[in-house]
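Protein chains: 2
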Amino acid sequence: MKTVVERNLKNFLEDGRENELAEMLASMHPADIAEILNPLDMEDTIKVIALMEVEHASDVLVEMSESSRDQVAAEMPLEKLTELVAEMDSDDAADIVAELPDDEANKVLAAIEQKDAEGVRRLMMYDEETAGGLMQVEMISAKEDETVTHLVERIREIDDGRDVYFIFIVDNANVLRGQVNMRQLLLAWPDQMMKDLMTFPSLVVRVDEDQEAVAQKFQKYDVQSAPVIDDQGHLLGRITFDDIMDVVHEEMDQDFYRMAGSSEEEVYSSGPAKIATLRMPWLLFNLGGGFITSAILSYFEVAFTNILILVPFVPMVMGLSGAVGSQSATITVRGLAMGRIAEGKVWPNVLREIRISTIIAFSLGIIIALGSGFLHSAARLGLAVGISIVTAIIVSTILGAVIPLLFKALKIDPALASGPVVTSTNDVVSLIIYMGMGTAILSM
Amino acid sequence: MKTVVERNLKNFLEDGRENELAEMLASMHPADIAEILNPLDMEDTIKVIALMEVEHASDVLVEMSESSRDQVAAEMPLEKLTELVAEMDSDDAADIVAELPDDEANKVLAAIEQKDAEGVRRLMMYDEETAGGLMQVEMISAKEDETVTHLVERIREIDDGRDVYFIFIVDNANVLRGQVNMRQLLLAWPDQMMKDLMTFPSLVVRVDEDQEAVAQKFQKYDVQSAPVIDDQGHLLGRITFDDIMDVVHEEMDQDFYRMAGSSEEEVYSSGPAKIATLRMPWLLFNLGGGFITSAILSYFEVAFTNILILVPFVPMVMGLSGAVGSQSATITVRGLAMGRIAEGKVWPNVLREIRISTIIAFSLGIIIALGSGFLHSAARLGLAVGISIVTAIIVSTILGAVIPLLFKALKIDPALASGPVVTSTNDVVSLIIYMGMGTAILSM
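Note that the protein sequences, when read in sequence, are chains A and Y. Going letter by letter, the first sequence gives residues -19 to 424 in my numbering. Going letter by letter, the second sequence gives residues -19 to 424 in my numbering.
Honestly, the hints are just simulated from the structure, not real lab data. Don't be surprised by glycine CBs; every beta carbon is placed ideally from N, CA and C. Careful, some of the hints might be misleading.
Claimed, not checked - Below, a list of computed lysine-lysine pairs in the BS3-like style, where the Cα atoms sit at most 27 angstroms apart:
#1 Lys200(A) <-> Lys200(Y)
#2 Lys(-10)(A) <-> Lys60(Y)
#3 Lys87(Y) <-> Lys123(Y)
#4 Lys200(Y) <-> Lys60(A)
As the list claims (entries may be wrong) - To give a feel for the contact side, a few chain Y residues facing chain A, derived at Cβ under 10 angstroms:
#5 Leu167
#6 Asp171
#7 Met173
#8 Phe284
#9 Ile289
#10 Gly302
#11 Val330
#12 Ile339
#13 Ile348
#14 Val401
#15 Thr405
Produce the complete structure using the sequences and hints provided.
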């Protein structure tokens, strides 16, 4: 089914066979439709969305990629958009409305039900990267003295088809007291009260917690849903596992792009000039390092005429030092991100990296000393290249292991460190060590 | 509470205050205890586990890191281990038993209940990286004509405290027909039959599917649990969202370590010599590239005496080409991993990278031409360096964007490409371009 629609969607629209298309779409999962719409142009997407039942169309819009979704929302007639937003969970609605110009956002919110609009407005106030930015206000809560029968009747009336994981139990001041899961509710006697069934949640999230910390706790405690509270313990909303999976993906992407000296913005930017600008800072850092290394090399060329024989090995020294340093940096950055390197326990990691790199440095150093010695039939050259490369590699490792920790201490994202900073610092330091030690040994 | 136990655990054990410790542990979450035990030595860990109720201790063992857990399982008295394994879900039990020597594994399986042992044995047969390796056999299934009352009574009897997300509905031949969620069950009338309630799952997983593909589908369809079937549609088990979160983490780690030329094994290896061996292949590739570049530089030094002035810019050319190439490679590798670069739609990506890098190359080229020209007061040098660096950068981008696609076509993990292969190929190619073009321009 999917392939038929995917391949022929444009034909269906051009041939005016909208009814046929609408029928096919109706039986498809919103996530599958979203996947087909993501790469389409705005006009076609809006046409297709108009063919679907409001509820289904609303789900499709939520499932679309952030960039496509925001574009479609901006282009769509405001009336239609309001219809779709009214069907959404508060968190999805807030994400979309927050991207609209202020006057349009106000119009949309004014047109949807008072209670819903209030929830959306409240969510729009929280920082996107915190628990408040992830949570939704839709959830089922109950008082401690509510009976099972009464609660079940309430759930029947809500009838919104939404997944229920836990019923959150609050006192009269809306302070979280516990939770009851669906299995307990199913097996309980009709007149049992919530306070007899409830247990305390293994995870309670505070509204201002960073989303990455929240994701780590979800993973640690294996929960599918957690209540969100404020400083006074009032129940504000809930976060579910699917929000967490999105966070994990987002953070993962961010780290990858940072390591390559770009950002996740790049994926959503279409113009090469814009992308080039995003990648440039990293390269300008490299460029600065390049001018420094060229000045160093020029100096040595001018000052010492007998060191020309060292020069061919410069790229090798810099390449190897760079590779070893970036391995240490990557391992350290990952260790910090995954919590494997605990706060205050950083020295064992640095020492471990030094031990590892000493082994690596001597293994490579011997091969290089023999290789360069034989290649140029000069034992002294081999010695000079070998010793200086061993030193350069060990120093590069230390830099690679220490710079991310330094970044962390300075509250800069350590992932930035495994990029140009370590590379350029490494280049300059290893070149000075290599040329300096090499020249000294050759002049002995 | 946690900090008290964490800080004083050794003291408690040394002072013989086991009862006090046991009491404190009893009120803690298994994941929190596991976090404290992970870095402890085997002897203390086994002592602490012995202080806990069997069910609690079993949960703690499951929550521990893979390496600590396998070590503890190997060291623990076999009788105790059997007790703990008997309490576990089939998938966790299979993971632990699979790591034991054959005779011990058989003893453990012989001692636990016949039905449980069968499930564990069956799971141990599946490839660890497939749906079969993730699923558990514990789940609740029902026939199409079972009534709500009857099913609820059965659930009451099972009483294992396990989370239930869906009841899977099968026909008489155990072929999956649909599912019923807990909310439906709670709101249904006592004599309704499953076939009147059931819907078809939005995600059904086949037992031999790769775990990464399964994780992507969980994310796409936002399900918290999915049934696993064989080729004939028979229901074999279920996968839950917490298994998926573990997969996402594992795959993410793998990609990071591959990009640094190491492997996730590194985290679990304690010896520096072993880790050095894991990192070495990547470096040997670099080393090979280094010998080639040194040969090229030696050749140019000997053949053309007037090119010494070009040499100081060699590190800059190689560094910038390498950085630009690795940006293209990273973006391409991520695009492939996230499904953003669809099969058969690779050219738009390559063309996009070329357009981006052309902008970058000319921007950097002009800065470098001016910089090197002024630095050495030689316009011709500036021209030579500028033109050849522009060419080298554009070629490096093409290599960076194409090599991962080539790897993908050859069924090699594209993540490997953004490492040493792209770097070393880049080094050699950009050096030849730079020295070749530079020499030609200077000799004109």
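Going down the list of hints, with the structure as the test:
1. The straight-line distance between the Cα atoms of lysine 200(A) and lysine 200(Y) is roughly 22 angstroms, inside the 27 angstroms bound, and the hint therefore holds.
2. Simply put, lysine -10(A) and lysine 60(Y) have alpha-carbon atoms about 65 angstroms apart, too far for the 27 angstroms limit, and the pair is violated.
3. Proposed proximity of lysine 87(Y) and lysine 123(Y) is contradicted: the alpha carbons are some 35 angstroms apart, above 27 angstroms.
4. Simply put, lysine 200(Y) and lysine 60(A) have alpha-carbon atoms about 25 angstroms apart, close enough for the 27 angstroms limit, and the pair holds.
5. A least Cβ separation of about 5 angstroms between leucine 167(Y) and chain A falls short of the 10 angstroms threshold, and the interface hint therefore holds.
6. Interface hint at aspartate 171(Y): violated, since its Cβ lies 16 angstroms from the closest Cβ of chain A, which is beyond the 10 angstroms cut-off.
7. Hint status for methionine 173(Y): violated, given a least beta-carbon distance of 17 angstroms to chain A, over 10 angstroms.
8. With 10 angstroms as the threshold, the beta carbon of phenylalanine 284(Y) stays out of range of chain A, its nearest partner Cβ sitting at about 13 angstroms, so the hint is violated.
9. The interface hint given for isoleucine 289(Y) holds, since its Cβ lies 9 angstroms from the closest Cβ of chain A, which is under the 10 angstroms cut-off.
10. For glycine 302(Y), the interface hint holds, the least distance from its beta-carbon to any beta-carbon of chain A being 8 angstroms, beneath 10 angstroms.
11. Against a cut-off of 10 angstroms between C-beta atoms, the interface hint on valine 330(Y) is violated, since the closest Cβ of chain A lies about 13 angstroms away.
12. Taken as an interface hint, isoleucine 339(Y) checks out: its beta carbon lies about 4 angstroms from the nearest beta carbon of chain A, inside 10 angstroms.
13. For isoleucine 348(Y), the interface hint holds, since its Cβ comes within 10 angstroms of a Cβ in chain A; the closest pair sits about 7 angstroms apart.
14. Taking 10 angstroms as the C-beta contact cut-off toward chain A, the hint placing valine 401(Y) at the interface is violated, the least distance being around 12 angstroms.
15. Because the smallest distance between the Cβ of threonine 405(Y) and any Cβ of chain A comes to about 12 angstroms, over 10 angstroms, the interface hint for this residue is violated.
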